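Trainee: Residue strings, one per chain:
Number of protein chains: 2
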Amino acid sequence: MARAGLTADRLTQAAAELADEVGFENVTVSALARHFGVKDASLYSHIRNAHDLRVRLAVLALAELADRVSDALAGRSGKDALVAFANAYRRYAHEHPGRYTATQMALDPDTAATSAAGKHAEMTRAILRGYDLWEPDQTDAVRFLHSTFHGYVSLERAGAFHSHPRGVEASWLRALDALDSLLRAWPS
Amino acid sequence: MARAGLTADRLTQAAAELADEVGFENVTVSALARHFGVKDASLYSHIRNAHDLRVRLAVLALAELADRVSDALAGRSGKDALVAFANAYRRYAHEHPGRYTATQMALDPDTAATSAAGKHAEMTRAILRGYDLWEPDQTDAVRFLHSTFHGYVSLERAGAFHSHPRGVEASWLRALDALDSLLRAWPS
DNA sequence: TAGGCTTGCCTAGAGGTCCTAGGCAAATGA
DNA sequence: TCATTTGCCTAGGACCTCTAGGCAAGCCTA
Chain P
1 MARAGLTADR
11 LTQAAAELAD
21 EVGFENVTVS
31 ALARHFGVKD
41 ASLYSHIRNA
51 HDLRVRLAVL
61 ALAELADRVS
71 DALAGRSGKD
81 ALVAFANAYR
91 RYAHEHPGRY
101 TATQMALDPD
111 TAATSAAGKH
121 AEMTRAILRG
131 YDLWEPDQTD
141 AVRFLHSTFH
151 GYVSLERAGA
161 FHSHPRGVEA
171 SWLRALDALD
181 SLLRAWPS
Chain U
1 MARAGLTADR
11 LTQAAAELAD
21 EVGFENVTVS
31 ALARHFGVKD
41 ASLYSHIRNA
51 HDLRVRLAVL
61 ALAELADRVS
71 DALAGRSGKD
81 ALVAFANAYR
91 RYAHEHPGRY
101 TATQMALDPD
111 TAATSAAGKH
121 AEMTRAILRG
131 YDLWEPDQTD
141 AVRFLHSTFH
151 GYVSLERAGA
161 FHSHPRGVEA
171 SWLRALDALD
181 SLLRAWPS
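Those sequence lines, one after another, are chains P and U.
So the first sequence is numbered by full-length UniProt numbering: it starts at 1 and just counts up by one.
So the second sequence is numbered by full-length UniProt numbering: it starts at 1 and just counts up by one.
The hints are simulated quantities; they were obtained by calculation from the structure and are not laboratory data.
You may find that some hints are simply not true.
[To be verified] Some chain P residues flagged as far from chain U (calculated, every beta-carbon gap over 12 Å): (1) Thr7; (2) Asp20; (3) Gly37; (4) Lys39; (5) Gly78; (6) Asp80; (7) Arg91; (8) Asp132; (9) His162.
[As the list claims (entries may be wrong)] Sample of chain U residues at the chain P side, in silico, Cβ under 8 Å: (10) Arg90; (11) His94; (12) Phe144; (13) His146; (14) Phe149; (15) Ala158; (16) Phe161; (17) Arg166; (18) Glu169; (19) Ser171; (20) Ala175; (21) Leu176; (22) Asp177; (23) Leu182.
Note that the structure is predicted; figures quoted are calculated from it, not measured.
Glycine included, C-beta positions come from ideal geometry on N, C-alpha and C.
Generate the whole structure from the sequences, applying the supplied hints.
Mentor: Below, the structure is given as structure tokens:
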């Protein structure tokens with residue numbers, strides 16, 4: 001029998017695709033094994049357990065998201081940067097729902113430090129260079145921005161905005177306007 | 001043998017307590033059956049399946065949260081109302097993490113309409129009475145508020161704010177100030 | 001190129017969760 | 001009191017997780 005050539009990285013990559021297809025919570029060791037035409041026991045020499053697999057997936061997604069956002073941010077500042085960041089963030093969540101869900105996993109502090117999780121805050125901070133904000137307002141604003149982006153995207157995906165006819169797109173644009181004017185006049 | 005006296009409501013209530021103890025994702029039919037000293041098959045005459053159980057839990061949590069928030073809102077307006085709403089929302093999430101997670105479940109439109117999910121938007125709208133906002137700005141603002149509250153609370157719980165020493169409490173208060181001033185001068 | 005070593009995927013199997021079908025006994029009420 | 005309903009049971013299948021141990025493919029070294 002030819003070997004399937006599994007590695008932790010290939011498994012993680014396949015898990016990411018699987019997540020987007022069937023949802024993060026359905027990313028299972030057996031499903032992944034089926035995908036490679038392999039017995040599920042075979043995966044346990046590459047990943048420790050199902051949780052480990054999901055953590056790897058989360059780390060992958062965080063890195064991808066950070067890349068996207070970082071690209072979007074390049075060469076922009078002020079409201080331009082804010083809008084580019086926000087749209088890149090939201091687009092990633094829509095294009096890769098399973099991966100995006102993965103980014104919300106609670107990682108242990110060690111993994112979080114190693115992963116791109118910290119890069120997010122750093123990049124959000126980069127947006128603020130176009131505004132006149134200094135510590136500790138900067139941290140407060142970073143948390144505010146992150147909260148609003150994540151909150152909007154996750155409520156949108158959960159269908160929380162379907163009850164009202166007002167377009168989700170229009171509200172999003174207004175939210176970005178609101179954030180911009182808020183950052184311009186951050187209450188101190 | 002004496003009967004355990006199970007009903008869908010008792011199961012849902014117990015599931016809610018279980019969720020807060022062990023996390024929403026660990027609310028399982030078998031765990032619930034163990035809690036009542038009963039075989040898991042016995043629960044299936046009261047609930048359709050595991051998903052049905054979680055939906056009932058979500059509906060319960062949505063109703064509880066709506067009650068809390070509604071109480072907090074009583075007799076207040078303007079920033080007072082905003083702060084009371086936000087704090088009640090956040091407190092519920094902290095006191096009942098499992099239930100709060102349940103409120104984020106994607107409910108089918110039918111269930112969502114019947115449940116208290118719609119009541120949230122309505123109550124958030126009540127906050128805005130103290131501010132000078134009319135449609136469609138009102139809907140945009142409701143979505144914005146909801147996003148920020150949910151985003152903040154869920155990132156906080158996921159540990160996303162631990163990387164920085166700045167107090168989570170302080171940032172929260174500043175976020176409320178920011179929302180207040182944003183609503184006062186909602187960009188149109 | 002023959003031997004040994006490492007490593008990848010295997011089989012076997014235990015334990016957990018979800019759920020259905022069908023049975024018996026407790027509660028209800030005529 | 002006896003029939004009906006209702007509640008919890010046993011049995012069992014399907015799927016997921018994970019461990020232990022085995023065999024053979026591919027890699028080294030001589």
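Trainee: A separate judgement is required for each hint: does it hold in the structure or not?
Mentor: Evaluation of the provided hints:
1. Thr7: Consistent with the label, threonine 7/P stays out of reach of chain U, its closest Cβ about 28 Å off (over 12 Å).
2. Asp20: For aspartate 20/P, whose nearest Cβ neighbour in chain U is about 16 Å away, the distance exceeds 12 Å, so it holds.
3. Gly37: For glycine 37/P, whose nearest Cβ neighbour in chain U is about 29 Å away, the distance exceeds 12 Å, so it holds.
4. Lys39: holds (26 Å)
5. Gly78: At about 15 Å from chain U, glycine 78/P clears the 12 Å cut-off, so the statement holds.
6. Asp80: holds (17 Å)
7. Arg91: At roughly 17 Å from the nearest Cβ of chain U, arginine 91/P sits farther out than 12 Å, so the non-interface label holds.
8. Asp132: Nearest chain U Cβ is 15 Å from aspartate 132/P, so the label holds.
9. His162: Histidine 162/P not clear of chain U: closest Cβ-Cβ about 7 Å, inside 12 Å.
10. Arg90: violated (11 Å)
11. His94: violated (15 Å)
12. Phe144: holds (5 Å)
13. His146: holds (6 Å)
14. Phe149: holds (7 Å)
15. Ala158: holds (5 Å)
16. Phe161: holds (6 Å)
17. Arg166: holds (4 Å)
18. Glu169: Nearest chain P Cβ about 11 Å off; hint violated.
19. Ser171: holds (5 Å)
20. Ala175: holds (5 Å)
21. Leu176: violated (10 Å)
22. Asp177: With a minimum Cβ separation of about 5 Å from chain P (threshold 8 Å), the hint on aspartate 177/U holds.
23. Leu182: holds (5 Å)
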